[in-house]
Structure formats: structure tokens, C-alpha cells
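Take a look at the letters that make up each chain.
Protein chains: 2
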Amino acid sequence: MHIILFYELFFFSQLRKAQQGNERPKDPKLWPYFQDGLRRIDYVLTYHVQKPQSTRKQSSKSCLCCKFRREQSNPPAHEDPELAAQEQRLDYHDDDQRLRREEFEENLREMGLEMEREEGNKIPGVGFLKIHAPWEVLCREAEFMKLKMPTFKKYEVSHGSSIVEKVNMFMQKVTAPLQPNVGENRMENVKHLSYPFSREKMYVILILSLQILYEEWASYSIFYKYQPIGLIRKYFGEKVGLYFAWLGVYTQMLIPAAIVGVIVFLYGCATVEDNIPSMEVCDERNNITMCPMCDRACSYWKLVTACGTARASHLFDNAATVFFAIFMALWGHYLFPLFFTFKLVLSPAYVGNCFLCFSQSHPRAEYEFHVMKKSLKKEQSPKVAHHALTICYILQTELPIGFTQFLEICVTLAIVFGVVLYRVSIMTALHMSSTPTFRTNIRATVKTTAAIINLIIIIIMDEVYGAIARWLTIMEVPKTDKSFEERLIFKTFILKFANAFTPIVYLAFFRGRIIGRPGKYIYVMGSYRMEECAHAGCLMELCIQLCITMLGKQLIQNNLFEIGVPKLKKMLRQRKIDKKHQEELNKTLHRHEKDHFLGPFVGLNPEYMEMIIQFGMVTVFVASFPLAPLFALLNNIIEIRLDAKKFVTELRRPIAVRAKDIGIWYTLLRGLSKVAVIVNAFVIAFTSDLIPRLVYQYMYSPDGTLHGFVNHTLSYFNVSHFQPGTEPMEPMHLGYKVEVCRYKDYRDPPWSATPYEFSREFWAILAARLAFVIVFQNVVMLMSDFVDWLIPDIPKDISIQIHKERNLIVELFMKQERGKKYRNTIGDPSPQPLRSRPSSQA
Amino acid sequence: MHIILFYELFFFSQLRKAQQGNERPKDPKLWPYFQDGLRRIDYVLTYHVQKPQSTRKQSSKSCLCCKFRREQSNPPAHEDPELAAQEQRLDYHDDDQRLRREEFEENLREMGLEMEREEGNKIPGVGFLKIHAPWEVLCREAEFMKLKMPTFKKYEVSHGSSIVEKVNMFMQKVTAPLQPNVGENRMENVKHLSYPFSREKMYVILILSLQILYEEWASYSIFYKYQPIGLIRKYFGEKVGLYFAWLGVYTQMLIPAAIVGVIVFLYGCATVEDNIPSMEVCDERNNITMCPMCDRACSYWKLVTACGTARASHLFDNAATVFFAIFMALWGHYLFPLFFTFKLVLSPAYVGNCFLCFSQSHPRAEYEFHVMKKSLKKEQSPKVAHHALTICYILQTELPIGFTQFLEICVTLAIVFGVVLYRVSIMTALHMSSTPTFRTNIRATVKTTAAIINLIIIIIMDEVYGAIARWLTIMEVPKTDKSFEERLIFKTFILKFANAFTPIVYLAFFRGRIIGRPGKYIYVMGSYRMEECAHAGCLMELCIQLCITMLGKQLIQNNLFEIGVPKLKKMLRQRKIDKKHQEELNKTLHRHEKDHFLGPFVGLNPEYMEMIIQFGMVTVFVASFPLAPLFALLNNIIEIRLDAKKFVTELRRPIAVRAKDIGIWYTLLRGLSKVAVIVNAFVIAFTSDLIPRLVYQYMYSPDGTLHGFVNHTLSYFNVSHFQPGTEPMEPMHLGYKVEVCRYKDYRDPPWSATPYEFSREFWAILAARLAFVIVFQNVVMLMSDFVDWLIPDIPKDISIQIHKERNLIVELFMKQERGKKYRNTIGDPSPQPLRSRPSSQA
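As you go down the protein sequences, you meet chains G and V in turn. First residue of the first sequence: 1, per full-length UniProt numbering; consecutive thereafter. First residue of the second sequence: 1, per full-length UniProt numbering; consecutive thereafter.
For reference, chain G alone in the conformation it holds in the complex (with noise of 0.2 angstroms):
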């Protein structure tokens, strides 16, 4: 019912041309012009022709939605070519097509559009419409958009106080060589004054031309260099702008994360030599005699077996990884979406553009269709083939608005449950100590091996999960456009969000923790009993899994689907051709016709994704792994160009779309930082050991120090109070006859009056623990509260800046006012000529 049913759109228009312009080919019909060689060719259609005979009517009833003004202000330029696809298999009716784009061009014609049609010319089977926008018609529709346009007025920008100048044009010439050679990047003090673009006050306005993106942007070799964000947007249109812009941000702010990991990373291998836990779990002297890890084939073990492990937890939990995860809480909570807002806003390419335009959401042609249907259903007889989905959007548009997203959320929630349930089984599964003698050395090779096939799992589900997640809100027929895409992209986040993070979160909370005690362990599916972590070593496999994830994502999904998978398309694409004809063709053929071979534009929603995922393990867990930041930061600068060039290169060039900010995935972003506070928070309190080692030192040390820690976090078991049938086959494997051995836990000892109960320390422990948590998250809550108060909505040089280009305007109009009425005295009430009109330069 869609425009892109019967056509497939791509938009063409000046700034292409102007890029070519040194290569312009000396055939004039290779032109960007209609075959007059005059009218630019502004838009392109394409269409499929197959049975151009056949004349078979049909009522225009289903053409609600070919109304002009939709298609006219603002072309649907996000709509997805695959769902379009599924549709068209759903209703193919290829003389209905043909009809219905007539009474699309009539309407189009009707609002002063000027055509030219090209049929089955060089590629056979498809017919280009080519669309030419006169200039009355750009300006009326630029005139009702309220489009901001630089005017000729110029006036100077001031960065405040001296010393605020001072260090920007200190800061201008050290980041000089990471600029584009773009001229328009630099800062400069003198701005052409904006205003809402008016034939009546034409005279003002200017028009501005264009340079070489492909250089400046699309490279690998300038990987250093900050983005040509101005030239992007001007390209692409504000949508393809602001996710590069974004993009860019997100990258330089984790530079400093990264470099603050590093050092945690680096402070964590050079302490622990000085680490008294570690030191004493490796202590020979402290001839600790451990429990058995599993039933009758595990026997009793030293504790100093576990040294190493003891070692390398030290690496991920010091004191140094509690400060990064306040760093970072505060990091993910505001210094990203302040610095995000800053220097969107304050970057020269932005202000006083699109910064308080109002985007629109428009009635989704789905829905008109379904809303249509039902009320022919109500008239007619219910003849209606898709039975079920027709009910269901009747349920759908009679119910009231929360309702349909409060069971939306359901099914999405109950999915998630699910899977997590099924996950957490197979994780239990894998982790389950089912090799009868298993030696520590093989164990991190399990780990892995079991990391790696998570992973491989992780990427087949969300590949899945997207499918279920566009299922799913399909179903819903939501109302407009913008409303389809945020559904669709909530689900999707929800779905892939828990497809990523459930092993973690296992991992983190769950395992080693519901193992029960010697003597009464807790046993899951009869006799399989839940595995421990090694000594301190939950947070080690933390940190591989989290590691393996990452990294292992970031390659395959950068590697396999972004390069790999487009190319092949393309190769599809281009197979249909005869081989013969290709290369000749490709000699003759228009500009257009050449991009008809390129990928569609399927919208930003998969990079964004992306890099939401990225963005939470880099915040969510950071606790458990401070290298997380430097990883997302490689990853993030070649992301930035294979971006570059697949928008360049690669894929048709989008419509551009007004767009204020980044929509949903702002509220992802803020609702991640938050998840984020409350985990960390968590994974400090629960998975690391500094709360007990605080509270050791400072309850129950003998003399503050940490000398004796170990010990006090073991308790004490009797042999006697085994179980039957679970007690160690060798029960001299040590050498000698254990009579008490020691876990790692709070109980009291066998001797007491209340033996194996939970003690008082861990009561006092886990109130100590559950303390830090509220401390934490309302201290970081309340320091990024603090800071948005600090930082005013609006930074405080746009606000002065909108002060002032208003008061100008305002000078500029009254100046105009009173000349006017002067030349209307001495008889020239003429306003002044425009200055160019680029379609005439031709």
C-alpha cells in the first residue's frame, strides 16, 4: 500500500552533481538532466515492468494513502525494503501497481512537479521515473517546512569571557592537524545569521555549495581526524548526520574511559605482589585443607592450589576497579549525555539549524489500510482471507492506548523470561562438574570453550530475536511511522539486550551462589550438584566471558555481516545482467542508473544497535572488567569509516530526514546508564570481595590489617556430617586423615549451638553489603543530578547566540522596513533581485 510498493526511491539531487563536477562525462544525455538538457533531475523513481499490456481495472478505493502531501513534504525514506518485499509477495497485482502510480503522478504533477519517464532503456525490466522540482515548488515547500537557510547578514561569535576564548583557540590549534581539511569545520567567529526560509523576505537568503566527502571522511588513513559532520549532514540529511555525530562523540568519550581502564588494569598487575589475600591463599605455611568440590571423586585439597587463580582475581578486584566503576557509573550517567549534548549542539554544523525543529510522525500506510478494511469489513460481508490478523487489529485500534503496550511488553518480557530460564539451564548445564577428575589447569579451557560456544549461540539468537521483535509489532499495526520504528526498536533492544547479558548476569549473581554447604549441597535435576567457583574466581570467568563476548562480537559482526554481506548482495544484484552487456553498459550508463545497482538505505537501526549493545557492556559491567572501554574504542574507530564508506560507496543515497535528536535511543542510552549504576553497584558489593574485605578490617581485624582475611572467610566443616554416599573416594589423597575441612562461606562452626547456621558475620556482611548498594546508586544518582542542574538544557552560548541572531533578525527586518517605505517614495518598490538560482547556472 506504500509508496515503495510500487516503487523503489532514490533521491538525486544537486550536491551529487556538484561532488562530480571535475569528472562530469562529456556525453551530455550522462547529464543529471532530463533529455532537454535543462530540468536538473531532482528525485529518482524506479519501478518493476513486466506486463505493460494488460489493462484490468480496479477500484482506487485501496489508494487512501496516495494522497500527495505525504509523499510531498516528506518522503517515507526509512521504510524497509524487506518488509516491503513481504508485502508485495502478499498482494502482487501488477495492473493495479500500474494504476495506481498514474493516479500517483497525476497527484504529483498536480502540486507542480515536472516528469520524465525512461522505461526498460538500458536495464531491462525497470522503468525510472525522473522528477524535476522547479524552483517556485522548492520554495513554496521550503516556505511551509519553516526550513532555517543562512542569510547574507553575517555577525560575530563570541566565546564568552576572555579566558573561556583563550583556551578555545588554544584547543583549536592543538586539535588543528584532527580536523577535516574541510573549510566550513573550523571554528569560526563570524556566522551567517539563519532564518526560516521566506519568499517574502527571499532577498536575504543565500545559497551555499559543496566539497569532496570521500577524502575527508571515508578513509581509513585519517582514523585520528574528527568527522566532516557539517559536509555529512549536508549530504546525507540530519538523521545520517546525527548518528555520525553521535557516533563520533561516543568514540572520543571513550578515549578517556579507556585510558583510565588501562591504568586500573595496569595498577591491578603491578600491586599484586603487595595483595595479602593472595598472599596468603599462596602462603605453604597456611596449610589449609579445603573441602572436596564435588560428590565421592573430588577429595579434600590445599588451598594453595588455588594461588594462581587467587592472583589473577587481584587483577580485576582492587581497590582501583571500585573507583573505575564510580568512574564509569558516572561516566554512562552524564558525562556521556552531557558531552553528547554539547558538542552536537555546539558543533558549527548544528546550531541555530535544526535545533528546535519539531519532527512529525505520519500515519503508517499499514495501519490506514487495516483502519480502512475494517470499516469495508463492517459494511460489506467479512470476506477478508487474513482472518485472525484482521481481528487482531480490530482488538488493536478499538482498545485504549496503554493497553496494547502493556501487553506488548508482556509477550516481550514473558520471551525474554523464557529464553533466560532455558539459558541459564544450558549454562548450568555446561558448567556442571561432570568430568569425574577434572585438574584446575583444564578448567579456564573449559571456561573458554564454554564462553565461545555462548557467543556463537548469542549471534544466531539475534538474528532471531530481530525476527520475532518485527513479528511482533507488525502484529501491533501501530499507528504512524515513528511509532513503528520505536516499537520495533524497543523490542529488538529488549530482546538482544537479554540475549547478550544473560550469561553475564549468571555468571555474576547466580553461579557459586546456590550451592548449598557441605553436607546438605543443593542438588538440580537429581543428582547433579551446582558447581563452586574456583577460590575467588567468579569474577575471573566474569571477565573471559565478558572478554570473549566483546571481542568475538565486534569481529564477526563488523567482519562478517557489514563487509561481507552487502558485497554479496551487490554481486547478486549485479548477476541479473547479463555479463556480457555489463561492462558496455557501464560505459553508457546515466548516474542513476549506475546507483540503481547500489544497496538500498535500510536505516541506521542496525548500527545503532550496535553500538547500544557496545555501549552497555562497556557501562553495565565495567566493574568486572576495566578493559571493556579500550576494546569498544579499537572497535569504534574502524567502525566509524566502514560506516563511511558503506554510506558512500556502497548503499543508494538516502532521503534526507529532519530528525532533532536521536529518538528512542536516547531513552535506550539514559535507561542503560541507569541499569548500569544499579548493577555495578551490585557486582562491587556482591560478586567482588571488598566489602568483606572492609569489614574484616575493620570489625573484626586484630590489628586493621588484612592478615588473617582468608581465614575468616572460610568456616569450618567435620568430615563426620557428610552425607552418605558423598563423601570422598580417596580420602587420603592429601597424605593424611582430614577430620575438619574448610569452605568458603559465613557459617558457624560444628562445635557451636546453632552449627552450619548462617553467622553473625555474614548477617553483618551482607548488611554491610546491601548498604554499599544504597550508598552507591544515590550517591552517583545524586552527582548526575547535580551536574544536569549544573548544566543548564540549553549550553549557555547557544542561548546568547539565539539572543542575539533574534535581535539581528529583528534589526535586519526594521532596517529592511524603513528602506522600503524610502524607495517607496522615490518610486521603486521592487524587492531585490535574487541572487543565484543554481538550477538556471546550468
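Don't read these hints as lab results, they were simulated from the structure. A few of these clues could be false.
If several chains are the same, the list does not tell them apart, and a pair holds so long as it fits within one copy or across any two.
[To be verified] Computed list of lysine to aspartate or glutamate pairs in DMTMM-like fashion (alpha-carbon distance at most 20 angstroms, straight line):
{"id": "1", "residue 1": "LYS569", "residue 2": "GLU136"}
{"id": "2", "residue 1": "LYS482", "residue 2": "ASP745"}
{"id": "3", "residue 1": "LYS815", "residue 2": "GLU110"}
{"id": "4", "residue 1": "LYS553", "residue 2": "ASP745"}
{"id": "5", "residue 1": "LYS302", "residue 2": "ASP462"}
{"id": "6", "residue 1": "LYS815", "residue 2": "GLU136"}
{"id": "7", "residue 1": "LYS815", "residue 2": "GLU106"}
{"id": "8", "residue 1": "LYS567", "residue 2": "ASP36"}
{"id": "9", "residue 1": "LYS553", "residue 2": "GLU727"}
{"id": "10", "residue 1": "LYS737", "residue 2": "GLU136"}
{"id": "11", "residue 1": "LYS645", "residue 2": "GLU114"}
{"id": "12", "residue 1": "LYS520", "residue 2": "GLU739"}
{"id": "13", "residue 1": "LYS569", "residue 2": "GLU486"}
{"id": "14", "residue 1": "LYS646", "residue 2": "ASP785"}
{"id": "15", "residue 1": "LYS744", "residue 2": "ASP295"}
Given the coordinates of chain G, work out where chain V should sit on it, guided by the hints.
Same frame as chain G, now just chain V:
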């Protein structure tokens, strides 16, 4: 340096005229017109006339701020006359002022305004400058301000699907008697399309007329009706309209809260007989001997004597209270802002009007003055009188943005902290058990007296803090009027809030907690022992304090400050005039001369501040006082009409100011509702006995009921362990020898291995309390985020309406354009004539 320094302002326009149209005085001189009887008075400036002869010259440098645009496009409305008077004292140069006035008037004249002077005609010493804004000037300014005006074009407003529409219709019928008798307020299906004012498009603009406010708003007899917000907004401007809309919605939202609160209170009353813990306390058979409440003078006592307190405590500390706290946390956290947004935006007065308008911030005149001073000082020799101040300003303006704000907050917090310490020590002194032989009966009296003393301190300190906040903010020299106001509000709020809540926080979280234990009490100031709460009595004391603070503060502030003080001021102002002439004058005085005796409009901040402190009382400690919403509701019903009366009859008409929201007050409300969540979590967890009861029931109770709970909360103390000199003087007071007494705490008994240490139960209950805080806080946050997400920022109806309006505007202009072309062809190029020009109707 401000316009307010040499003029007093009041606005006088068509609207007031229209309102009093029926009682138009017969003498045409009393009409609000210039002497010629044709040009209407739009604006009146008054000034003091003292030495009309002196003509000393003064440099015109200091007229930096006299530029027409500031005063013209948006006059400074909310300037405080107190501040003005203060500065007036600082540099009082009458002649200088006259010169400045002349320059200012010259600027006005240049802008096209017409003026008429009237000096000391009837009221000696007062000059009036009447200003008439010709139609052309009004149009020009309206265009520059992009004022949205209704057009002739009407369209239907659809209220969503049929169900929603029916519900709306039903609600409309039910609330019909509650609507004020103002036609416009009814929900209309047909709306006027509005469009930013433009002279080119003037042919579509429509001018509306108005009705009477007094009867339908400022009357106590219609307290049950909605307010005619549309009229209020039109007459007093958006800022005042927003205040009353907000107040109305807040009061309306208090109704469910008050109802639930009363139900919770009644539930407490009804279940007091079935409450096991208080039954156990009151049971004579549980012969529990308690340790003395004070050293020496007090003796052992029977728990049964605390029966009354225990029963009273149950009224406020039961399961329903917890439910109510959650309810109110959610109410405060999202229901309130939610309904706020909805109601305001949906109310017909607001739709599409100032919905997206952007309030400017003017540079503050004081700031400009001091920047100028500073630069003068740099050039010339430093001969400025206010040395310290100037240095301060220089420092302030030179420092980066964040630092001064940080400093300011530090100062504010330091003051708050100091005063809190001081107050807590006073509270401690008041609560110290100084009376040697006191009875529990006297107790309540003592507490009530303490609460009343506190109340008086709060009210006195409120005024002091207001002055401190103002002084601090003036010291800062904020750059713009808006930032001045915001900073002042923020500081005043922090100080007043701390003032009102310090005693409550002390009672809720500190009293009875830092007392030590029998045999090892904590002593302050040598020998004063911290006083315990009566058994389960802290919550009740908190209740009494809250009740008295709320009732007393509202009664005294409403009656004394809001009614009494303005009346007094008016009397004083009128006493300046000779009493003999007064009646005589009253007959012949012009409208604007009469208005001169009304109080000036001093801004809405005191009203907002009062309401926000009340909102704090209602939400922050609601867990301990469920009747708070009821009290607030009763107060507000009076408050609305009181404020209305004040605005209609007591004050000069404020200058209409555009406002898109309630500004910083919204931020403060959001902040308060966040604080409320965490405070309520702590009140339930730590002040109430809910968690200990639950822990006992599920962990320790032998039969799963609360039987034995009282015994469980009491620890044992061996009387031989009293510190020497602290044992009771009359050990045989109860008639038998006491060997072991009980006290309320979770400590090990004297016969255990660790006597008097915190027991395992203590830590377990502490952990449970902390866990409750985490769960409560995060559940409420999650729920509120979820609802925030469900409810779009811009309600759907509004966004559809905006979309519709936009399309209609486009269609309208398309049609107009075609019509124009047609007319051009047949030779009639002139636009349609104006419909009406109000000032020419006279």
C-alpha cells in the same frame, strides 16, 4: 539601572476596559483614553516627581540598558520592588533619573509609540506617562514575537477512538456543574486554527473578546468548580495562568490522595483491637519489667504502662501505611507530573498556543551595569566606592561557569548544615529528660509544646532565610533575569526546606537511635543522657510534629501573611494622601490613578514556594502521617480563591509574560518526588516496625504469627552491670527486687559469650531493612520509568492535532495562493481588508 528604578510599571489594556464595559463612567475623562478621547491607553508608567527644576548634567554612559528593544519587546514584569527600593537607596540621583527618563522616552517614540504625560495632577509627587501603541506597532511586534493567533479557519477536533470519545462525553456531562460559567471553557469539537502572526497573512487573523472573571473565579462560594483557566491566562498572561492551572491540577490530584489517606487512617483505627503486638504490650499477664528511662531518678517500669502509646502507634504504623507510602511515592513520582502535563496541555486554553514557544532570557541590568563598571575601572583609575563588591563581580565574571555555581552551593549547604546542627542540639535539649519525676501523661504535652516552639522558630527563620538567599544571589550577579530568579528560588528553597524538615528528620531518624544501651548509655554535654522514645513511640511524636507544622504553617501563613500584610500595606499607601481629599478624589480619579494605590505584583515565587513546601510535607513523610494530603487539600481549596481574590482586587495588573512551563519549580518538584521515594523507604524500613515484624514472622516465630514479637524485640540487662552512680534510686519501686530488666534493642543477653553485643537478629533485621530500601526504591523507580515511557512526552491527541493544524495551514495557503493568482489575472492584487481593528471601534 533598571527601568523599575525610575518608573513603576503597570499594564493597562483593552481587556480591563472590556471587563468593565457596563459600568463605564459618564465623564469621558475617566475613560482609559488619551486626552483626545481617541487613542487608548495601553500602558502606564508612573514615577516620583521631586525636584523638577534641577538640570545638572550627567554622562549618558550608564544608559547602556535603555535600549528600546528590551523594554519594548518584553517588559521586565517580575522585578521585585523591594530590591529596586534597595538599589534606589544606593544611587539616588533624581536629576540623573529625569535625564534617563527623557532618553528612554525618546527611544520609545522612535519605536513608534505615542505618549502623553500627566504630572502631579491629582496625586502629588506622582507622574504618569500614558503610552499608546498604534495598531501598526502592535502588528510589527506580534510578527517579530511570532505570536500565535487564532484564524477564521475552523476545524473539528477528534478525541481519538469512539470509546475514548464516549468516556470524554460522559466525563463532560458529569463535571458540567463543576465548570465555571464561561462559554469558552467547555470542551469544544470545533477549534480555531492558530498561526504565527504575520502581516502578510493578516487576512486570516481573528481577534477575540472577553468576559468577566470576578464572579466565576475569585469567589469562595464556587470553591468546588474548576477555574476558568483560559480567561485567567488571557487576562493575566501565561505565567500567572500557568500558576493557577498548576495549582488547580495539584489540588485536584490531592483528592484521591486525601481519600486514600483517610481510608488508611480509618483502617488503623478499625484494626487497633486486633493488633497482636499492641495486645501483647497491653496484656497484664506478660509481666515484663523494663529498664529505667533515665539515670538515678527513674526506676524500673512495667511494659503494660506503655499500652496507650503502643495502641496509638498502630494507627500510623500498620500494613496499610506501607501500602500508602508506596501509593504516595508513585503519586508524587509520576501521577502528579503526568496529570500535570496532560491536563495543562489538553485543556482547551493551552492547545497549540504557547505549547512550543521558547522563553527568552534577558541580560540582567545589574549584570550589565557591573560589567560596564568593571571595564571602566580597567580603563581609568579605580575610584569605585564599592570596592569589595566590584572585586567580587570581577572574580565572578572571570571564573568559568561551573565554579561559581559550585561555590554558591557550598555556601548554601554550609549554612544549612550549621543550622541543622544548631537545631538538632536545641531539639536534643528540648527532649532531654531533665525533669526528674515525669509521668507518661505529661509526655505528650511536653512533645506538643516542643512542636509548637519549633513551628514558631520555623516561621521566623523562614523570613530570615529568604533574606539570606536574596543577599547571596545578589552577591553572585547572575547574567540574566531568568538565572537570577532561578538561583534565588533554588537557594530559598534549599534553606526553607531544610528549615521546615530538620525537626522532622531528627524525629524520624535520629531520636531514640543513638542512645547506647543500659550500662553504657551515650552522654552528651557531660551528663545528659539521650532520651529514648516511648515503646514504639517515635513514629507518634513524628506525627504530632508533622500535624502541628502543617496546620500551623498553613493557618499562620495564609491568614497572617497573605491576607493581613497586603491589607496593611494598602492602608499605609493610602495614608500618604491627605484623608480629607481622599473620598473626593476617589470619585474623579482615572482608572489608572486608582490602580496606583493597589499593591504591586511581586511575582509568583512566594505562592509557588508555599505550595512546594506543602508538596514536600505531603509526599516526603507521608508514611508517618497519612492525613497530610487531607490537610493539604483543605488548605488549597481556600488558597485558590484567596489568591484569585488577591490577583483580581488587591494587586496591580501584572504584565503578561510568556511562559512555556513552570520552570525551575518543575525541577524542584521532580527532585522532591525523588527525595520522597528514598525518605519514605527509610521511614518504613527504619522508623516503623514493619521489617522487624516481618522478619520475626518468617524467620523466628515458632507458629508463623506475631505472637511473641514484643518479647523478641526486648533484650535482657543484668542490673548488676549498671555503671556506678546510674542505678535507680528507688529499685523497689515496683514492689519486688529486679535482677534482670528489659530494653528495646537486639543485643546478646548478659549470659552469652558476647554480652550486650549486637545479636545475629540485629544484623539480619538490618540486612532486611536495607534490602527493603533497595527494593522499594528501585521498584518505584522502575514503575515510574515504565509509566513515563508509556505516556509520550506530547500526548497523542496533541501531536495529531499539531499535524492536522499544519496540514490545514498548508492547504489554506495553497488555496489562497491559487486565489491570488486568479485575482492577479483579473486585476485585483490587494489582500482582503482587515476584519476589525479594536482601537478604532471606540
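Checked hints:
1. Within a single copy, LYS569 and GLU136 get their C-alpha atoms no closer than 40 angstroms, and across copies no closer than 64 angstroms, so neither meets the 20 angstroms cut-off.
2. In this homomeric assembly, LYS482 and ASP745 never come within 20 angstroms of each other (Cα to Cα): the closest approach is 53 angstroms inside a single copy and 59 angstroms across copies.
3. Taking the shortest Cα distances, LYS815 and GLU110 sit within 20 angstroms of each other only across copies (13 angstroms), while inside one copy they are farther apart (39 angstroms).
4. Taking CA atoms no more than 20 angstroms apart as the test, LYS553 paired with ASP745 passes in neither setting, with 36 angstroms inside one copy and 55 angstroms between copies.
5. In the homo-oligomer, the alpha carbons of LYS302 and ASP462 never lie at most 20 angstroms apart, since the shortest distance is 43 angstroms inside one protomer and 68 angstroms across protomers.
6. In this homomeric assembly, LYS815 and GLU136 come within 20 angstroms of each other (Cα to Cα) only across copies, at 16 angstroms, whereas the closest approach inside a single copy is 27 angstroms.
7. Within a single copy, LYS815 and GLU106 get their C-alpha atoms only as close as 44 angstroms, which misses the 20 angstroms cut-off; across copies the closest is 18 angstroms, which meets it.
8. Proximity of LYS567 and ASP36 under a CA criterion of 20 angstroms is satisfied in neither setting, with 36 angstroms inside one chain copy and 83 angstroms between copies.
9. For the identical chains of this complex, LYS553 and GLU727 are neighbours neither inside a copy (43 angstroms) nor across copies (72 angstroms), given an alpha-carbon limit of 20 angstroms.
10. For the homomeric pair LYS737 and GLU136, neither the shortest alpha-carbon distance inside one copy (99 angstroms) nor that between copies (107 angstroms) is at most 20 angstroms.
11. In this homomeric assembly, LYS645 and GLU114 never come within 20 angstroms of each other (Cα to Cα): the closest approach is 33 angstroms inside a single copy and 64 angstroms across copies.
12. Proximity of LYS520 to GLU739 under the C-alpha cut-off of 20 angstroms is restricted to the intra-copy arrangement: shortest distance 17 angstroms within a copy versus 43 angstroms between copies.
13. With identical chains, the CA atoms of LYS569 and GLU486 are never at most 20 angstroms apart, being 27 angstroms at best within one copy and 58 angstroms at best between copies.
14. For the homomeric pair LYS646 and ASP785, neither the shortest alpha-carbon distance inside one copy (39 angstroms) nor that between copies (37 angstroms) is at most 20 angstroms.
15. In this homomeric assembly, LYS744 and ASP295 come within 20 angstroms of each other (Cα to Cα) only inside a single copy, at 17 angstroms, whereas the closest approach across copies is 46 angstroms.
Hints 1, 2, 4, 5, 8, 9, 10, 11, 13 and 14 from the list above are not met by this structure, while the remaining hints are.
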